[in-house]
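Each chain, letter by letter, is given below.
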Amino acid sequence: MKKTGSIRKALLYSVPMLLLAGLIVAAVTATPAPPKSKDKDAGDKGTKAVKAVKFPLSLWAHADEGDYSGGRNCTNCHRTAAESYERSPHAIFMKDPHNPVDKAGCEGCHGPSKGHVAHRKEEEGLFQNVVSYNHGKAEDIAAACLRCHNDTLTESHWKRSQHAHAGVSCTSCHQIHWADRLGKDRIRVADDQKNSDFTNTVGKEVHESIWPNQPEPKALLKTNESTLCGTCHRKVVSEFRHNFHHPVPEGRLVCSDCHSAHPNKDERKNLQTTKQACITCHADKAGPFVYEHDPTSNLTGDGCVECHNPHGSPNPALLTSFSRGLCIKCHTDKSINHNPGRTCWDSGCHSSIHGSNHDVNFLQR
Amino acid sequence: MLHKVTKLFAIAALTTMCAAYQHSAGAQTGAGTTATVVANTTTSTAANVTVTPGQDDGDKPKAPPKSKLDPPTDFLLEAGYSDWQLHGSANKFRQYATLPSGFFLKELTYVPVMASPGEHFFTSIKGIGGTDYRGEGKYSFNYGSTQIGGYFSGNEFYEDTPDPVDPSARRNTGFNIRQAINKSFALSYQYSDSIQQDRYDAPNPGEDQNTLIQSATASGKLGNGFLKLTTTNMQFTDHTGTLANSNTQTTGASYLWSPIPALDLEAGYSHASIGQTGMQGSQIDVMHFNGDLSIGSGTEVNMSVINRNLSLPNIQNAYVRHEDAEAFAVTQRFKSWRGTLGLTIQDDERVNTGQSYVDVPKWSTLEGRLSGKVLGDYKVSVRGYTQSLFDAPGFSTSDPSNLYWTSKNFVEGRIEGGHDELNYYAVYTFQSDRDASRDSEVQSSQYTVGATWQVSNRINLYGEYHHEAWAGYSSQIAGFPNIGDYLPTTNTGIVQVTYNPNRRTYFSLTYTGFGTENNNPLLQADGNTRGTFVTINGHYRFPKGYEMGLMFAPWTYHDNVVGSMNYSTTVFMLTGSAKF
Chain A
0 MKKTGSIRKA LLYSVPMLLL AGLIVAAVTA TPAPPKSKDK DAGDKGTKAV
50 KAVKFPLSLW AHADEGDYSG GRNCTNCHRT AAESYERSPH AIFMKDPHNP
100 VDKAGCEGCH GPSKGHVAHR KEEEGLFQNV VSYNHGKAED IAAACLRCHN
150 DTLTESHWKR SQHAHAGVSC TSCHQIHWAD RLGKDRIRVA DDQKNSDFTN
200 TVGKEVHESI WPNQPEPKAL LKTNESTLCG TCHRKVVSEF RHNFHHPVPE
250 GRLVCSDCHS AHPNKDERKN LQTTKQACIT CHADKAGPFV YEHDPTSNLT
300 GDGCVECHNP HGSPNPALLT SFSRGLCIKC HTDKSINHNP GRTCWDSGCH
350 SSIHGSNHDV NFLQR
Chain G
0 MLHKVTKLFA IAALTTMCAA YQHSAGAQTG AGTTATVVAN TTTSTAANVT
50 VTPGQDDGDK PKAPPKSKLD PPTDFLLEAG YSDWQLHGSA NKFRQYATLP
100 SGFFLKELTY VPVMASPGEH FFTSIKGIGG TDYRGEGKYS FNYGSTQIGG
150 YFSGNEFYED TPDPVDPSAR RNTGFNIRQA INKSFALSYQ YSDSIQQDRY
200 DAPNPGEDQN TLIQSATASG KLGNGFLKLT TTNMQFTDHT GTLANSNTQT
250 TGASYLWSPI PALDLEAGYS HASIGQTGMQ GSQIDVMHFN GDLSIGSGTE
300 VNMSVINRNL SLPNIQNAYV RHEDAEAFAV TQRFKSWRGT LGLTIQDDER
350 VNTGQSYVDV PKWSTLEGRL SGKVLGDYKV SVRGYTQSLF DAPGFSTSDP
400 SNLYWTSKNF VEGRIEGGHD ELNYYAVYTF QSDRDASRDS EVQSSQYTVG
450 ATWQVSNRIN LYGEYHHEAW AGYSSQIAGF PNIGDYLPTT NTGIVQVTYN
500 PNRRTYFSLT YTGFGTENNN PLLQADGNTR GTFVTINGHY RFPKGYEMGL
550 MFAPWTYHDN VVGSMNYSTT VFMLTGSAKF
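Note that the protein sequences, when read in sequence, are chains A and G.
All residue numbers for the first sequence refer to numbering that gives the first Met the number 0, where the first residue is 0 and numbers rise by one.
All residue numbers for the second sequence refer to numbering that gives the first Met the number 0, where the first residue is 0 and numbers rise by one.
Hints are supplied without guarantee of correctness; some may be wrong.
[As the list claims (entries may be wrong)] Below are the DSS-like pairs computed for lysine-lysine, each with C-alpha atoms no more than 25 Å apart in a straight line:
1. G:361 / A:53
2. A:158 / G:372
3. A:217 / A:113
4. A:102 / G:334
5. G:220 / A:221
6. G:543 / A:53
7. A:217 / G:227
8. G:543 / A:94
9. A:102 / G:220
10. A:53 / G:334
11. G:334 / A:158
12. A:221 / A:94
13. G:407 / G:334
14. A:94 / A:284
15. G:334 / A:217
16. A:120 / A:53
17. A:158 / A:53
18. G:372 / A:136
19. A:221 / A:158
20. A:158 / G:182
21. A:94 / G:407
22. A:113 / A:102
23. A:158 / G:407
24. G:543 / A:136
25. A:333 / G:407
26. G:227 / A:158
[As the list claims (entries may be wrong)] Interface residues of chain G toward chain A, partial, derived using beta-carbon atoms under 8 Å:
27. 132
28. 133
29. 311
30. 473
31. 515
[To be verified] Selected chain A positions facing chain G (Cβ under 7 Å, derived; list incomplete):
32. 121
33. 153
34. 348
Treat the hints as calculated values from the structure; they're not laboratory data.
Note that the structure is predicted; figures quoted are calculated from it, not measured.
All residues carry an ideal CB built from backbone N, CA and C; glycine is no exception.
Generate the whole structure from the sequences, applying the supplied hints.
Structure, rendered in structure tokens:
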């Protein structure tokens with residue numbers, strides 16, 4: 000009989016409580032609308048200022064059409080960046096004649112140029128009137144990028160992700176300005192390493208490929224995925240150097256073949272089980288089998304990672320233990336006296352260890 | 000047949016697109032070629048252009064200066080010659096991939112200037128004519144509102160067996176289409192076909208199978224939220240007739256609603272139907288609900304509920320028919336610090352082996368994470384979890400003691416810091432899994448330390464060392480060997496020196512090594528191994544974008560127990576690339 004504990008009840012009731020708490024928070028923190036201005040000359044600017052829009056979205060929200068130059072002001076000072084941008088795939092989207100003025104050209108990403116040009120010599124005001132993707136906070140950069148990239152990801156999706164919690168911004172991994180269409184040359188700003196907490200340790204290393212023959216970086220990534228992800232996930236890189244590993248160093252796989260760098264809500268680790276991720280390539284292990292090997296089969300244990308270390312392992316087949324050690328750490332009653340030979344699964348006995356349609360002891364089919 | 004049609008379509012699409020477009024005279028900048036270029040990678044042809052902000056043109060408009068960028072080019076062609084000088088086990092050397100041998104065409108990439116400003120095309124083929132190859136192409140038009148892409152790849156590799164076996168192979172093809180309905184909603188379709196042929200040593204019969212996956216998605220903004228609809232079909236075919244062919248159709252929907260900026264609520268449902276040859280159909284239903292609430296600027300409350308129902312009528316031993324999992328977490332930010340504390344409770348209705356009884360084991364997991372900065376420049380983070388099992392089920396094995404881990408504990412600490420010239424990091428991980436019923440425990444202790452030092456403008460040093468130690472024991476196992484006698488201790492390390500004598504030249508010397516030891520009671524291969532891999536690279540970039548690379552790599556692998564696994568090789572590879 001299924002039991003329901005008091006803790007579960009509390010968690011289930013937290014659903015409506017969370018909604019109620021949110022509404023209360025909204026009510027308490029709501030800013031009342033200011034009285035209408037009696038100044039006839041205030042016009043639309045007065046009502047625009049009422050809307051509580053945070054930086055950097057405020058740059059576009061509070062701008063008039065006259066604040067945009069169409070990119071003419073930009074090339075006067077940022078010629079190389081503008082040239083390289085014109086060669087990038089990103090520029091194609093920004094040239095769409097249907098784009099509104101606040102989503103076109105340089106100003107579509109960096110904000111209207113009028114304020115930036117007026118304050119360009121002010122050290123303090125410089126980055127308050129323009130979106131700088133080298134100096135901005137991660138959440139500000141995400142807000143700016145998601146003005147357009149909101150068909151696959153929302154700010155709500157991003158800001159709860161572990162990457163967001165670690166201060167990783169869009170431009171930590173993606174580059175918008177390219178030097179050539181072949182994608183082989185990257186434009187790198189000299190003070191790139193002075194960016195957020197994340198890129199403080201990325202620095203110049205991000206462009207040094209850790210392994211040769213890597214697949215082309217997708218989606219305007221700064222470099223190939225192994226090098227980019229490995230800049231922070233050092234321990235994972237060291238796991239791939241083991242004797243047995245998924246063929247990422249050999250260029251046959253990339254990180255995004257298994258992982259999602261932009262997790263949507265329904266990709267939390269518990270929603271898609273580990274086994275569901277593995278059977279995309281290893282469908283022969285999917286089952287369901289007539290005789291399942293619980294707890295490795297799916298839910299009661301860690302699934303595939305109960306026995307395998309997917310990045311790399313010193314043991315064959317990426318196993319977490321060597322030979323019979325894998326089996327006897329659970330089946331402690333089956334030591335060397337039980338049919339001594341090779342391993343339990345390649346000595347001709349328990350070959351169908353991932354599940355069998357023929358034998359409850361997973362004997363050779 | 001469908002796979003062959005798909006592969007032909009992908010190749011035909013790429014070649015047709017290549018032939019359909021020509022250079023546009025207006026795309027040539029005609030600018031000078033005084034680019035400031037630094038070549039700094041190993042075997043790729045990448046180069047980097049360094050731009051310092053504020054050092055471009057002055058404030059007042061002047062006559063346009065010479066461009067600092069190379070003129071745009073459409074083609075990249077890279078070819079080379081390689082020789083292995085291999086002695087010993089070819090199986091082990093080619094365990095994951097096969098290096099080219101003799102003359103080879105490494106890469107052909109074509110990115111033309113399109114006639115319309117709203118179009119972009121890219122295609123690249125690598126490993127042409129070899130056993131390991133890869134190709135991809137992308138075409139977008141209507142200013143990116145329509146995107147089409149395709150790929151194919153093939154790899155040949157070997158199982159690392161003492162005796163030679165036939166090569167195994169993987170062949171993948173696929174294509175995808177994406178059509179934007181408006182600026183915030185899009186439809187997409189993906190198709191992939193993966194052929195897997197694995198060859199092992201006797202008595203394993205090997206595998207010959209393919210997996211076909213088709214997926215359609217509609218996602219984007221809808222009202223004050225985000226909607227995602229997906230349907231996926233996965234078809235598995237075993238050509239040996241050993242495993243049952245299967246077809247899994249999964250359909251799902253989710254909606255993320257943000258009624259106010261501080262609150263996100265998401266609900267979703269998915270249904271999977273699994274059909275298997277000669278067997279009854281199976282069903283899996285999953286419902287989930289997530290809520291995230293921001294309180295002020297520093298506090299977040301997260302909650303999720305997942306409910307799974309599994310109808311698996313073919314299974315005749317133990318399986319889970321229902322699962323509930325609830326998670327609750329609070330995250331608090333304070334200045335540069337962030338801390339998270341969460342609790343997850345999961346219980347499964349588990350049908351026992353004889354299918355006469357239902358157990359309900361429960362797992363409770365408490366996890367936490369803390370990260371922040373100390374002493375200004377040092378970034379530290381600590382994370383961990385402790386998991387406990389309650390109401391362990393009974394088992395029908397010869398020893399009916401519980402087989403699940405009754406407790407799992409994990410902790411990881413990380414510190415990194417540095418400045419422009421010197422960066423360093425250290426990571427320590429400890430994990431312990433215990434089954435109290437059988438008095439067995441497995442522990443893992445690992446640490447990784449590394450640093451990068453920019454010695455001067457021309458010299459860079461990088462080093463990393465990783466140590467991994469496993470231990471295990473059970474009082475139920477008498478004498479030798481116990482669990483720990485099968486668990487390895489491993490060391491891996493890398494040291495790399497790179498030298499840029501000038502902007503066009505790049506050298507690197509890399510040493511990578513690993514060593515694995517365990518008691519290896521059955522004296523099997525792969526238990527006590529040592530590998531040393533030295534790679535020397537040189538790279539020179541000529542004017543006008545031509546490049547040349549040279550690699551010299553003596554590699555050795557040694558198995559202390561089974562000598563037939565050893566190999567030594569000296570790889571020599573000369574490559575040249577041209578852009579035009």
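- Message: Check the structure against each numbered hint from earlier and tell me which ones fail, lowest number first.
- Response: Violated hints: 1, 3, 4, 5, 6, 8, 13, 14, 15, 21, 23, 24, 27, 32, 34; rest satisfied.
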